[in-house]
Amino acid sequence: MQSPLRQKLPLLPQQEARQPDQRQTGQAEHPERIQDSFAQQPEIFKGQSLVAALQAFQKAGFPLVYGTNLVNEQQVLQRVPTATSAEGALRELLAPFALTLKRVGEHYLVVRAPGKPDDSPVITERSSQSGSLRDDQLMMEQVVVTASHYRLGRDSEQVSHIMDRHTLDVLPAIGSDPLRSLHRLPGAATQGISSKLRFRGGEGDDTGILVNGHKLLQPYHVRDFQSLFSAIDSRIADRIEVYSGGFPAQYGDQLSGLVLIDSINPEHNVIREVGLSVFNTSLFSAGTMGRHNSGKWLLSARRGNLDLILDKQYGEPKYYDLFVEIGFPVTSTSDVSLNALHASDQVVLSTETDPVEDEISVSQVNNTNIWVQLDQQWSDNLSSNTSLSISRLDLDRDAINNQEDKLFGEVSDAREISVSGLRQHWLKRLNARHIIRWGGEYQRLSARYNYRAAVQYRGFYTDYQSITGDVERTLKRRIKGENYAFYVSDQWRINKRLMLNYGARWDRQTYTDVGSDRSMLSPRINVNIRHSPTTDFSLSWGRYYQSQEIANLQVEDGLSRFHAAQRSDQAIIGVRHALSKELSVRVEFYRNLITSVMPRFENVHDPIALIPELEPDRVLVAPARGRTWGMELSLTRNADDQVNWWLSYVLSRAEDEVDGVWESRGWDQKHALQAGILYENERWQLSAALNAHSGWPATDLLYFPDATEDDPALIIGLRNRERLGMFASLDVKLARNFQFKSGTLHAFFEVSNVTGRKNECCTDYTLEESAAGSEYLDSAREYGLPRLPALGFQWKF
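By our numbering, the letter at position 177 of the sequence shown is numbered 167, and the numbering carries on one by one without gaps.
Since the hints were derived computationally from the structure, they do not count as laboratory data. Please read these numbers as outputs of a predicted model, since none were measured by experiment. C-beta atoms are modelled at their ideal positions from N, C-alpha and C, and glycine is treated no differently. Treat each hint with caution, since some may be false.
To be verified - Quick list of simulated restraints, FRET-style, between CB atoms: (1) S322 with S570: 26 to 34 Å; (2) A291 with R643: 39 to 47 Å; (3) R713 with E306: 32 to 40 Å.
Using the sequences plus the hints, can you model the full thing?
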């Protein structure tokens, strides 16, 4: 059946485009016929969809390539092209949608216009299972060419949220950290200190970070103090997709969420950027290479500047990272890419300024991830992705805590982690409505741990119930083993209103020493219902396992064996409704039941202690099971004009069952509010973002002054029965572009916690003596990050 536009274009030739090797130039086969149609009937384009217009150009012989991630049926043409050439008319038709043409060899590719966002600089929200079920998006994201090739891709409609490169650049975020930008999403729990992501009540290690399909091994700077920053330059990202639950069987070994980062595809012109800010000095460059510019290269190098601006009495945190990508076609149906990410830390931190007392941690970390990928198009309907990878983490930490009235302790911690792997994904398109995916992964892992700690408790620390004497701990262990994984999934569009995505995954680890839980089967199903053109419903249920990472053996707390994999059964119900073209609302309800919960150690009074394993407030939390549930309500304005905004409210709980009693998790926040507004024109950008939530749980310390020597005077109270004060942080960013003949200067000034609010994070306890000579326990709240201003520049040339 011909499209309405085709029926209105009698002058366009009714023939298929030639194969790429038959074309001699990048022009249409019959440009004069297309030009005649523009001259005689330019009004035929008005009111038609952009998809129909592009299909008509393809059938006319114009060598055009476009993707459904940029072009869809909702884009309606409102202007009449005035150009008389096919290329000129196409550029006019694409311009209102922030799109343009890029010539690649003998073809023209529809791409985003330079300097333009994907749609607008607002977080795009989608249902955790499917989101909006537009007809062109009911199947996987695809690249459409005349021969209808179907490339291996992702179920982008199951993604919860998407951030594009422009949004990452506009949003205020400490250190321009892309993971900190994701703290703006509904369901994220943060106190603003760590860059790690906690989604929907999960722990910080429950979310995996993937760059170009490879899962990174602990990609953080200042790892041993709250993982302050990620090792990922936001400028390498074309866009970031986030699953906060309900992810398909292709992904495994994660309990809460996934962050999928795709690197940019540079235009023909080379990109060069040099940056300087309070937090980083950076170099970024990218470009194309090879015949017809069919290959690409990308380079990012950064140096942290905290050691230059921080008072030396608090330490010298030095860190660096380097990312390199090189990609090129091997044949007309296969592409190869080489990726490498290296991060290095030399960090010295101190919390004491008293010359008599010392608390110092010195760490050196080298983290390297290298992976090679081969994308192969076997036929129009069959494709594969094969990846070889090696990751290595080397860590050395030495710490000392010498406080006269509390303790004297030393720590030496050395770890070497190595992970090499082979992964393969396959995609088979049975027909236009049916896709099958399958694949597997094999990893070989090894680790070496050499840990020693010794501590002598002094003063009132000896009165803690948890302290039974001095501690000396030595643990050495070498571990080797394998990971295996296989999955299969079926994506079936039953009709225009209903789509199913169901599958299963099988995982096994051999290094955990847990025979009863080595094999893990994870069935998953997603149901997507399009109720109307503006309303979508989604249902999801799935089982998810997460093994204890080989790099996370809890040797610092005396554990020498790995725990069984945790299991989470997740159910999600969602609805998304478009109130107008620019305004949409989304509601999601979720519930997770977690079994085989991994025991963890927490510092209940000072969760950001520099050397946490030496502190007397460190307790073992060993839940029988856990549960999280919540409701997320989001309202988003995503328009083409200068102002966009978002607002979300989350009601949630995150709890553990310990000794038959349900207790709040340490990051439980019953109420959470996220809000933001973005304004921009050709020169200026202004953004503001608010993060507010209920205070996190806290635990009392009880003092019994009449206790005998055999009875403790200090007893840690019931865990997490108290609450810290409400957390709130307003962050703003102002940026301006200055155009020069030789390039563009991008200057920005941002302030985190612009109001200087004191957000409670911890409680400090000391024994004081009253005027009458009696002792009493004094407590004082301590606070998180203060107001943090930052100035930065980027020179683009």
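Which of the numbered hints are not met once you compare them with the structure shown? 1
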